[in-house]
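Protein sequence lines, in the order shown, are assigned to chains W and V.
Quick note, the first sequence lines up with residues 1 to 486 if you use the numbering used here.
Quick note, the second sequence lines up with residues 1 to 104 if you use the numbering used here.
Since the hints were made in silico from the structure, they are not lab data.
Fair warning: there could be bad hints in the mix.
Stretches of chain W that chain V covers, calculated by requiring three or more beta carbons in the stretch to come under 8 Å of a beta carbon on chain V [said to hold, decoys possible]: (1) 52–59; (2) 298–311; (3) 326–339; (4) 383–390.
Every residue, glycine too, gets a C-beta built ideally from N, C-alpha and C.
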Amino acid sequence: MTRDIENIQTAWQASEALRSGRISARDLTRACLERIAALEPSLSAFLALTEEIAMEAAARFDANPAAFPDPLAGVPAAVKDNMCLKGVPCTCASRILEGWEPPYNATAVQRILDRGGVICGKTNLDEFAMGSSTENSAFKVTRNPWNTSTVPGGSSGGSAAAVAAGQVFYALGSDTGGSIRQPASFCGIVGVKPTYGRVSRYGLVAYASSLDQIGPLTRDVRDAALVLNIICGHDPLDSTSYPGESPDFTQALVRDVQGMTVGLPREFFAQGVREDVAQAVQEGARVLEKAGAKIREISMPNVGYALPVYYIIAPAEASSNLARYDGVRYGHRSGAASDHVDMFMRSRAEGFGAEVKQRIMIGTYALSAGYYDAYYLKAQQVRTLLRRDFDRAFQECDVLLTPTSPTPAFAVGERADDPFQMKLADVCTIPVNLAGIPALSLPCGLVDGLPVGMQIMARPFDEETMLRAAYTFEQATEFHRLRPAI
Amino acid sequence: MKLTLEEVSNVAVLARLALPEEELRRLAGHLNQIIEHFAALQELDTTDVEPTERVLPMVNVYREDVALPGLDREEVLRGAPRSNGEAFLVPRVVDTADGKDCGQ
Numbered sequence: 001m002t003r004d005i006e007n008i009q010t011a012w013q014a015s016e017a018l019r020s021g022r023i024s025a026r027d028l029t030r031a032c033l034e035r036i037a038a039l040e041p042s043l044s045a046f047l048a049l050t051e052e053i054a055m056e057a058a059a060r061f062d063a064n065p066a067a068f069p070d071p072l073a074g075v076p077a078a079v080k081d082n083m084c085l086k087g088v089p090c091t092c093a094s095r096i097l098e099g100w101e102p103p104y105n106a107t108a109v110q111r112i113l114d115r116g117g118v119i120c121g122k123t124n125l126d127e128f129a130m131g132s133s134t135e136n137s138a139f140k141v142t143r144n145p146w147n148t149s150t151v152p153g154g155s156s157g158g159s160a161a162a163v164a165a166g167q168v169f170y171a172l173g174s175d176t177g178g179s180i181r182q183p184a185s186f187c188g189i190v191g192v193k194p195t196y197g198r199v200s201r202y203g204l205v206a207y208a209s210s211l212d213q214i215g216p217l218t219r220d221v222r223d224a225a226l227v228l229n230i231i232c233g234h235d236p237l238d239s240t241s242y243p244g245e246s247p248d249f250t251q252a253l254v255r256d257v258q259g260m261t262v263g264l265p266r267e268f269f270a271q272g273v274r275e276d277v278a279q280a281v282q283e284g285a286r287v288l289e290k291a292g293a294k295i296r297e298i299s300m301p302n303v304g305y306a307l308p309v310y311y312i313i314a315p316a317e318a319s320s321n322l323a324r325y326d327g328v329r330y331g332h333r334s335g336a337a338s339d340h341v342d343m344f345m346r347s348r349a350e351g352f353g354a355e356v357k358q359r360i361m362i363g364t365y366a367l368s369a370g371y372y373d374a375y376y377l378k379a380q381q382v383r384t385l386l387r388r389d390f391d392r393a394f395q396e397c398d399v400l401l402t403p404t405s406p407t408p409a410f411a412v413g414e415r416a417d418d419p420f421q422m423k424l425a426d427v428c429t430i431p432v433n434l435a436g437i438p439a440l441s442l443p444c445g446l447v448d449g450l451p452v453g454m455q456i457m458a459r460p461f462d463e464e465t466m467l468r469a470a471y472t473f474e475q476a477t478e479f480h481r482l483r484p485a486i
Numbered sequence: 001m002k003l004t005l006e007e008v009s010n011v012a013v014l015a016r017l018a019l020p021e022e023e024l025r026r027l028a029g030h031l032n033q034i035i036e037h038f039a040a041l042q043e044l045d046t047t048d049v050e051p052t053e054r055v056l057p058m059v060n061v062y063r064e065d066v067a068l069p070g071l072d073r074e075e076v077l078r079g080a081p082r083s084n085g086e087a088f089l090v091p092r093v094v095d096t097a098d099g100k101d102c103g104q
């Protein structure tokens, strides 16, 4: 059985195997659960396994495959542990939520379940999705399957590692400043941050509400389109979810970039990007040029300010969102409190980890009287300048091509003591969240035996052009077939 | 602009975080490091630039004023650190005449 599974590389191949009757969903799920068990000691990608939920869903599919027309029905998946799955602990990798079981499903999770998806577990993350390495989890450090002495990236590092290592066929992550694309890049898989509003955030534990977006981590571009087809679409439970129709994203899987203009914004190749990483991405541009795209170097003068803007806006929103963890309605309550304010203060101090406290403090400071104009308002204004940069770039170009991260995966512990070094890992992904546009990372090479990711950005709600460029690149190269030897 | 230990301590109170002095000192160091990087933004002239608060041009998203089922009370209370089956229990917020504690 395990050998059969090894021949199935992608979710769509798994789907074909299920539909042809070559394998049952139960056998496929059991094989995934076995692989999870075998690799967990070296990867630590999961915070909870949901074997019962998975096997029940698989059995339902096997009993009547015709009742589940979605291509990903019966295909094993995983969900980042900051999305609610009813009755299963949702920790956000934080002690403050330890033991809490949500009484409802996140909309994205519900959509997977409704279509016959098989959810095998909840994956590890940086606490409350704050971090770039999955070292900030309160429970365990996830390892990169390409080299277990390196980080898988963050904060969706558990999801990325699980998909790259073949523990599941796809996973959901969330992306506030690059938390899907950067770990996808480090783990050599595809990660998509859809346009802000494409996917409902209902049931996603909020970090920075104007930036957060759920998206897929997959082995190839076709799988990403299939997952997007499930999770995108309006949700009345999230008033920021886009009310328009979602297209069938698989229609964009066409190997054709004839006449497409691909912009290379030079500022994204500065900012500490390693020479060999930049080179891999530039070679990626040549692949698209050979396929008929026009390549144009452009300038986006305000991109260099994205990092300080992000590190004001995201913590400001976080300080407000995380105010709800006060020991009253869920999670940890300090036993040592004398009155209610003391209870709030002690519960929060005991429950939150160092990185979360730091960001709450930055956000509270930036929003406090006397500093609001100098920091928060200023950051929102520079955010406008950055958006204008993108508007101008997309007047000339259909997509933009950049590195996803300036370096390949770094060593566990290497950047733990330097708060700013760590944040540089997101320097190429953050501008996308501030502008609300869609972006995708896909593998475009290896450096020091570790994957390098190429980021493709597109106009708001134009995921189709982004997917077409990505698919064309993928079909012309072999990088998506590379697998870690774990 | 450097944050003093006293200012950091004040921010911690605003953020409702009871932090020991040692942690406040460590945070003060990190906060000052990060705030230094914010200074770069002052280079930009943003006079008359509208702030971006949200990226989608959506305002006043209404729904019909009809009652919909909410979450099940029992299930919600199951997640609470302390409840009496009907409500969340918290330490006393106001003084009672008889001095009896209503919560905790």
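Practice task
Tell me if chain V covers the segment 298–311 of chain W under the three-residue, 8 Å CB rule, please?
Solution key: holds (count 7)
Exercise for the section: Quick one: see if chain V covers the segment 52–59 of chain W, three-plus residues with Cβ-Cβ under 8 Å. Expected result: It is violated, with 0 qualifying residues against the three required.
Exercise for the section: Check, residue by residue, whether the segment 326–339 of chain W contains three or more positions whose beta-carbon lies closer than 8 Å to a beta-carbon of chain V, and give the verdict. Expected result: Holds, because 11 residues of the segment 326–339 of chain W bring their Cβ atoms closer than 8 Å to Cβ atoms of chain V.
Handout entry: Given coverage of the segment 383–390 of chain W by chain V, tested with a Cβ cutoff of 8 Å and a minimum of 3 residues
Key = Holds: 4 residues of the segment 383–390 of chain W have a Cβ under 8 Å from chain V.
Against the hints set out earlier in the document, a violation occurs for number 1 only.
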